[in-house]
Structure formats: C-alpha cells, structure tokens
Amino acid sequence: MDELKVSGINISELKAEYDAVQYIVIKLGNEQYGIDIKFVDNIVRMQHITRVPKVADYLKGVINLRGEVIPVMSLRIKMELPADEYTKATRIIILKLEQHGTIGVIVDEVKEVVALDEEEIEKVSYDGKDDRTNFVSAVGKHEGELISLLDLNAVAMENK
Amino acid sequence: MDVNQYLEIFLDETKEHLENLNAQILILEQEPENADTINEIFRAAHSLKGMAGTMGYKRMQALTHDMENVFSEIRNGTMKVKSNLIDTLFQCLDALEEYTSNIQETADEGTNDNQQLIDQLNQFLKAGGAVEEKKPVEAPKEAAEDVSIEKWKDIKLGESERVVLSAAKTQGKNVYGLTVVVQESCLLKAARAFLVYKAVEEKAEIIVCNPPAQDIEDERFDLDFSLLVVSDCSLEEILQVTRNVSEIDKVAGAVYEFEAVPEGEKNVEQQSSAKTAVATQPQSAAPKANDKKTGGKPVANRTVRVDIEKLDVLMNLVSELIIAKNSLVSASSSEGGSGTGFKEQIEYLESVTTNLHESVMKVRMVPIESVVSKFPRMIRDLSKKLDKKMELYMSGEETELDRTVVDEIGDPLMHLLRNAADHGLESSEVRLQRGKPEVGSIFLDAYQDGNNVVIEVRDDGNGIDVEAVKNKAIERGVITPEQGDNMSEKDIINLLFHAGFSTAKQISDVSGRGVGLDVVKAKIESLSGEVEVKSQLGEGSTWIVRLPLTLAIIQALMVIVGGEKYAISLGGIQTIEDISPSEIKLVQNREVIHLRGSVIPLIRLSKELDIESCKSPEDNLVVVIVKKGEKLAGLVIDELMGQQEIVIKSLGKYISKCKIISGATILGDGEVALILDANALI
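Same order as they appear, the protein sequences are chains A and B. The numbering of the first sequence is the working numbering, which starts it at 1 and goes up by one. The numbering of the second sequence is the working numbering, which starts it at 1 and goes up by one.
What the hints contain is simulated information worked out from the structure, not anything from laboratory work. Please note that the accuracy of each hint is not assured.
To be verified - The calculated lysine-lysine pairs, modelled on DSBU-like cross-linking and capped at a C-alpha distance of 35 Å, are:
#	chain 1	residue 1	chain 2	residue 2
1	A	LYS96	B	LYS310
2	B	LYS325	A	LYS54
3	B	LYS659	A	LYS54
4	B	LYS385	B	LYS80
5	B	LYS565	A	LYS96
6	B	LYS653	A	LYS38
7	B	LYS631	A	LYS54
8	A	LYS54	B	LYS374
9	A	LYS38	B	LYS385
10	B	LYS385	B	LYS374
11	A	LYS88	B	LYS565
12	B	LYS653	A	LYS111
13	A	LYS38	A	LYS88
14	A	LYS54	B	LYS628
15	A	LYS96	B	LYS362
16	A	LYS54	B	LYS615
17	B	LYS585	A	LYS54
18	B	LYS607	A	LYS54
19	B	LYS80	A	LYS54
20	B	LYS80	A	LYS96
Unchecked claim - Chain A regions said to be covered by chain B (calculated; three or more residues, Cβ under 8 Å):
#	segment
21	46–60
22	97–108
Glycine is no exception: its CB is placed at the ideal position from the N, C-alpha and C atoms.
Next up, chain A with everything else stripped away, as it sits in the complex (with noise of 0.2 Å):
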C-alpha cells in the first residue's frame, strides 16, 4: 500500500502560487483525464481486489485500505472502454465524495498534477448520445494538450 508522491510537486507551493484548480491527470487508453484534486484522498499501487457478488460490472470489488473496506470501481468499464490491463503503472485513485463516501477508481496510469487556470478550461456542451461525453465537465488545456475533466459524481452514480 505505498502511496506515492505525484511527480514530485510540492502542493502546497503551487497552491500559493496560482489560484486555479487543480487536477491530477490520469491515463485511461490513450486518453488524458484530469481528477479534481480536492475529491482525492489516497493514490495506492494495485492490489487484490476482493470480488463482490451479484453488483454491477464496473463494480470490481473492495480492498482494505489501512483497515477500512473501500469499493473499487473500473473507470474503464464504467466509460465503456476495453476491459482493465493491470501492468505496473496501474494504480487505484480514492476519492472521497460527498454523496458517494470513499471509493476507489482504477486508472491506467497517474501522470502529473496540473494546475488549470480558469481560462484555461472550457466547459463543453452535454452530448446526450455518447455515453463517455457525460462523465467529462470541461476539457482543460495545459501545455498543449487537452485534458477531459471529469465529473466525478456522475462517474460514481449507479448505471440505470
């Protein structure tokens, strides 16, 4: 269970510096994804999941994280991507919602931690037909690249 420093960035600085927001980004595919680093509680490496019967398929199980049982989700399957690959980068993010509690999100990889200012993301327009568009609240731009930032209750919300 080691939890790793991301790139390591001292927070707090970047914090003083900037007011922005700021997000870690995340490798889903080929895909960047930015996290919200406020709902972010814990990065841990991979580890055994323990199945939970009859729930849903995105729903891979729960780990025990320092004494407590947290239900891990797959990102990808819940965005409807090819199922997981565990390699090394693999790693579970936990986040910490308001509605939802503590739950743990499996990502490809973890990247850097980004600060976005305002102008800097763009809010997109709500496409009702793709389904991976709903978990994205703005697309940021940081040194040329486009990051999807996700929204991350509708990613916790249960499939219907």
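Got chain A sorted already, so can you dock chain B onto it with the hints?
For chain B alone, kept in the frame of chain A given last:
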C-alpha cells in the same frame, strides 16, 4: 450562568427521573399507601423541579412545582390517591416528556404552558388539602423555625455530587450540611451571603450550594441558603466563621447524612446541639454507613457517563488489535512456527485481545430495562383506551444488549405489544364466554440464548386466525386464491409481515394502520435480528424477536468457495457434514439431503456467488448446516478454513445491493473476505 454544558446531563437525568416517576406512580396506583414509593416520587419530582429551574426552563419548573405540591400533600397524608389523580399525573409526565424532547431538539422547552394541567393539579390541591392549610397556621412559629432551619437536609444530590461526597467520606473527611439565615432587615442579602460563602470556603470545600451560587449572587433567594461542605475542620469552627459575619440571623449545621431518610432520628437543634453533633459524629457515622448498605432501597449503580463516540474509538482500536493479532497468527503458521516461545506469546496475546474485546463490549452493553420500563404505563393507557382489562408481566429486564440495539428496539417492541393488546386479546365478555380469566395477560420475556438475546411478546388472547389472514391476503391481492391453497399455515402467518397488510376490521389509533409489522420486521432485520410468530387459535400468540448480542465482532467459520474466502457467522451454524454425491435427492427439482430424519435443502454457494467450484462433481461435498428460525439448509462449500474471530466492517452504502453479503472483514494477511448472510440465503 452558561448552562449549555450541562444540557446533556440535564437531559439524561431528566429522562431517568421521568422513567422513575412513571414506574413509581404505577406502583402508587396499586398501593396508594406505600410510603417508600411516595417518598421516592416526591424526591424525583423535587429534583426535576430543581433541575428545570437551574436550567432556566420556567414552564417545566412551574408544572413540576405544582406536581410536587400534590405529592407533598400525598406524603403528608392529607390527600388520597384516586384514579383520576393518577390520570392527571400521567398527563403531566407526558407534558414533561414533551418539554424534554423539545429541549433535546431545540434547546428550548417550547411555548406550551400546560395551564390546564396546572389548574387540574391545583383543584386536586384545593379539594384534598383543605385540612392541611390550617396546619401551618396553628403552629406557625415552631414549625417554621424548626423545619426551615435545616433546609440543607432537603438538598437533592446529583450523581456526581454523591460520588464526591462518598469519596470525601471514605477519605475520613467530614461532610457537613449548613443552613444560614440572613436577618430580615439585612439590606444587602447577596453581599452577606457572599461573605459567608467566602468564609466557609476558607475552612471547607463547598460541594453543593442551594440555591446555586449564581442565584445567591444575583440575590435570587429568600432569607436562607444551604451548603454541603467537605472539611477537615470541626463543625464548630465552620459555624464560628459564619457567625462572625454580621447581619446573619441563624446558622444551623450538622454532619450531613446522605442516603439517610429525611426524618432522621436526631433532631438537631441549632447552635447548642451542633456541638453534640460534632461529638457524636465519629460514632454515628459508622452505623449509618452500614444502614446505607443494608437499607431497603438499592443503592444506585455507580456509573460514569461516557460519550458513545469515545467508546466507538475504543472499539475500533480493539478491532485493529484483533486484526493485528490475526496477522501474527497467520504469520506464525506460514513460517511453520519457529520456536515455541513465539507461539506462546501469540496465544497470550490472543487471550488478552479476547478479554479486552469482551470488556469493551460489556461497556457498550446496557440492560433493556431502559426501553421496557415504559411499557407497563403504555399497557395501562391502552387498557383504558381499548376498554379491555389486561396486565403486563415482564421478566428479564436486566438482559443486556449492545447500546445501539437497545436504542432501536423500543419501537418494534412497542408495536408488538400494541398489537397483542389490540388484536391479540379478546374483549372481556368474549374472554368470560370462553372460560378465560377476565383480565387478559401479556408477557414480555427477555433472555439470553447463546450469542443471541431473545425477546418474546406473548398474549393469552385469540391467537392468529389463519383463515382470516388468508382471506384478507387474497382480498388485498397479496396472494392469489391458488397460492393461498398451497401455502402452509406458517407461510400464511408470515404474510402478516407483508407491507400494507392489516387484519384489524376497524382501524383504531392503537394499531391497524397497515404500516406496522412489515416495519417491525425491517427494523429488526436491520439490526441483524429476526422475528417469528407462533400462534394457537384460541390460546394466544407468541412473537419471538431474536437479536445478536453484539454487532461489531463475531466468531465466524471461514470457508473457501471457488478459491475465494468467505466468512459465515458461527451463530447460525448447526453442524458440518461430509456428504457423498449419491446422497443427494431431488425434490421438486431442488437438491435435498436426508440427515438424521430431516430433509434439508442444499444451497450451492458457488452458484449463489456466481463462481466456478474448484471441486469435481464426484468428490464428496462439504456441507455447512445452518439454521434460521426453525428452517435448516445445507450450504455447499469447497473447503473449510477454520474458526476465527472477525471484525465486521461495512461494505459501505455504495455496494449495498448484494443481499447475501452482510459485510466484510479483514483477514490476517490484509486481504478482505466477505461475510455471507446465511439468513438471506435460506
């Protein structure tokens, strides 16, 4: 004075006093002349009044004041206890309860004056106390002086004060009661009182001040005030310093005997006899202490109130310790147990954690008395409301349950009792026709049964009319007539727990609103308990509520199914059997086995858990026989791991849909294992 910090204590104590009053008034109704009860009631009412006054709840104080007046008349024997008086008193208690719950929610007592109740009380006072009123006039002087001078005797001790005083006494210090009367002509009463207070404080430690120090400072007292002090000095020394303050009329003091009956044998006169009191103090104190122990009234349990959150923290720590112990155990067994010393240490640790767990659990345990003590009163009210004669017999009130369970169990039990009173018992005429005693009986029995606590609600009424239930169910569309024909009697009775089902022909405000038994069942199941009914038409019914003793740590059987580890609570497990595949029979296309005369359905856990079993179909099956109520079932598993003490962790609300999993636990190797709810499988 900032009273907020005392609010919790106030609420707790008020509730205790109200419970006590309820119980005592019930006794009073049966035995109107019982002096002990009357004294007890008077004391409780007086404390209530004092507490409400201190906290600034004026309406509550006013009501209790009038109640106290009534009790005082009863105590003096000038007023007889009548049924309508008891009714009014109960209404007063209800009103007080309302105040209390208002205070609990909003820290304000509300605006209901309950003037009507106060008026009623005063009428009783006028009617009953006519003789009494003359008494003080006849002998005004002596009475006033003798009684009022020893007001410290009337001080009501709180729990904490009692502890302090007892502690002081055991340390060999002297406990004195003092009453100081300020001269009527005194202009600055508060200042004089303050000087006395200061003077006494130099010689002794003031434990109780009545009225409170703040009130004295604000001049909110008549001419006298009383103190309870702990001191190494002699009584005379203390009396002397108070007398040195000018404009003090009289000072009375003596050794204070707490727990002693108000009309103590020694009639301590003021100053002169104070000396003899000092002289006789060492001798008199010893026998009194004995009196206290052997006296008729049980000495209140010495308790410490602990915030439940602090207990939870302690509980969590114990849980962690047990997990750590489990990992040590698994580490030692995986390393092949190098060295016996290591193993011995682990065994030692194991016994320590088990003991620690037990004692922490015990701290969380409270007797169900706090819940059931309000039931006799409720049955009395129901008896009047329904115009049926009935008696409630309770046993096992001392049975203990986890605090969280006790807090939740009140409503379901109340519902079952109401049900028994309303639906169960027949009216008096019918009972007489059937040759039963006119007064119906309802029993509430609680007892511990292994890891469970069983609470039975039994009545000797009509019992459940299975046909009526069936017809009703068909009428309500709960079942079809065909289904009804195929159902066993037991299944039909269980329909009572179906939502939206009520067989009461008339809807009364006692029961029969169609929300009830299903809620009762849901509530009990949410506490990991279960409820069942047994009934004999014409002879009565029994509702059996079974609750687990604790909710946090259980003994479990660890099993492996398809390579995954699961825990099954040991509580429901009967036996473990080795069954050859040839013994499996098919009944109505379901697999069953024949075991010692009973046919037991098999449940293949691999199928229920959506996983492939690791065993080939020819191998013998390992079957865990579990029991739910009267029903048995065999759970087919792959492998047994053994028995283990496990800490139950919630799966969280995010994964709550899986009914057959009741929680999770963390094993010694840090892995999570799920806990199977055998009850949900059957």
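Here is how each hint holds up against the structure:
Between the alpha carbons of LYS96(A) and LYS310(B) the distance comes to roughly 24 Å, so the proposed pair stays at or under 35 Å and holds. A distance of roughly 32 Å separates the Cα atoms of LYS325(B) and LYS54(A); the hinted pair therefore holds under the 35 Å criterion. Using a Cα cut-off of 35 Å, the hinted pair LYS659(B) and LYS54(A) holds, with the two alpha carbons roughly 9 Å apart. For the given pair, LYS385(B) sits about 24 Å from LYS80(B) by alpha-carbon distance, which is consistent with the 35 Å threshold.
Of the supplied pair hints, the one linking LYS565(B) and LYS96(A) holds, its CA atoms being roughly 28 Å apart against a limit of 35 Å. For the given pair, LYS653(B) sits about 22 Å from LYS38(A) by alpha-carbon distance, which is consistent with the 35 Å threshold. For the given pair, LYS631(B) sits about 25 Å from LYS54(A) by alpha-carbon distance, which is consistent with the 35 Å threshold. Under the criterion of a C-alpha separation no larger than 35 Å, the hint pairing LYS54(A) with LYS374(B) is inconsistent with the structure, at around 43 Å.
Note on LYS38(A) and LYS385(B): the hinted pairing is violated, with a Cα-Cα distance of about 59 Å set against a maximum of 35 Å. Between the alpha carbons of LYS385(B) and LYS374(B) the distance comes to roughly 17 Å, so the proposed pair stays at or under 35 Å and holds. Proposed proximity of LYS88(A) and LYS565(B) is supported: the alpha carbons are some 26 Å apart, at most 35 Å. A distance of roughly 31 Å separates the Cα atoms of LYS653(B) and LYS111(A); the hinted pair therefore holds under the 35 Å criterion.
Under the criterion of a C-alpha separation no larger than 35 Å, the hint pairing LYS38(A) with LYS88(A) is consistent with the structure, at around 26 Å. The straight-line distance between the Cα atoms of LYS54(A) and LYS628(B) is roughly 23 Å, inside the 35 Å bound, and the hint therefore holds. Between the alpha carbons of LYS96(A) and LYS362(B) the distance comes to roughly 34 Å, so the proposed pair stays at or under 35 Å and holds. Restraint check for LYS54(A) and LYS615(B): satisfied, since their Cα atoms lie roughly 22 Å apart, inside the 35 Å limit.
Of the supplied pair hints, the one linking LYS585(B) and LYS54(A) holds, its CA atoms being roughly 28 Å apart against a limit of 35 Å. Our distance criterion of 35 Å between C-alpha atoms is met by LYS607(B) and LYS54(A), whose separation comes to about 11 Å. A hinted pair counts as satisfied when its Cα atoms are at most 35 Å apart, and LYS80(B) with LYS54(A) does not qualify at roughly 68 Å. At roughly 65 Å between alpha-carbon atoms, LYS80(B) and LYS96(A) are farther apart than 35 Å, so this suggested pair is violated.
Look at the segment 46–60 of chain A against chain B: 8 of its residues bring a Cβ nearer than 8 Å to a Cβ of that chain, three or more, so the hint holds. Under a criterion of three residues with beta carbons nearer than 8 Å to beta carbons of chain B, the stated coverage of the segment 97–108 of chain A is upheld, 4 such residues being counted.
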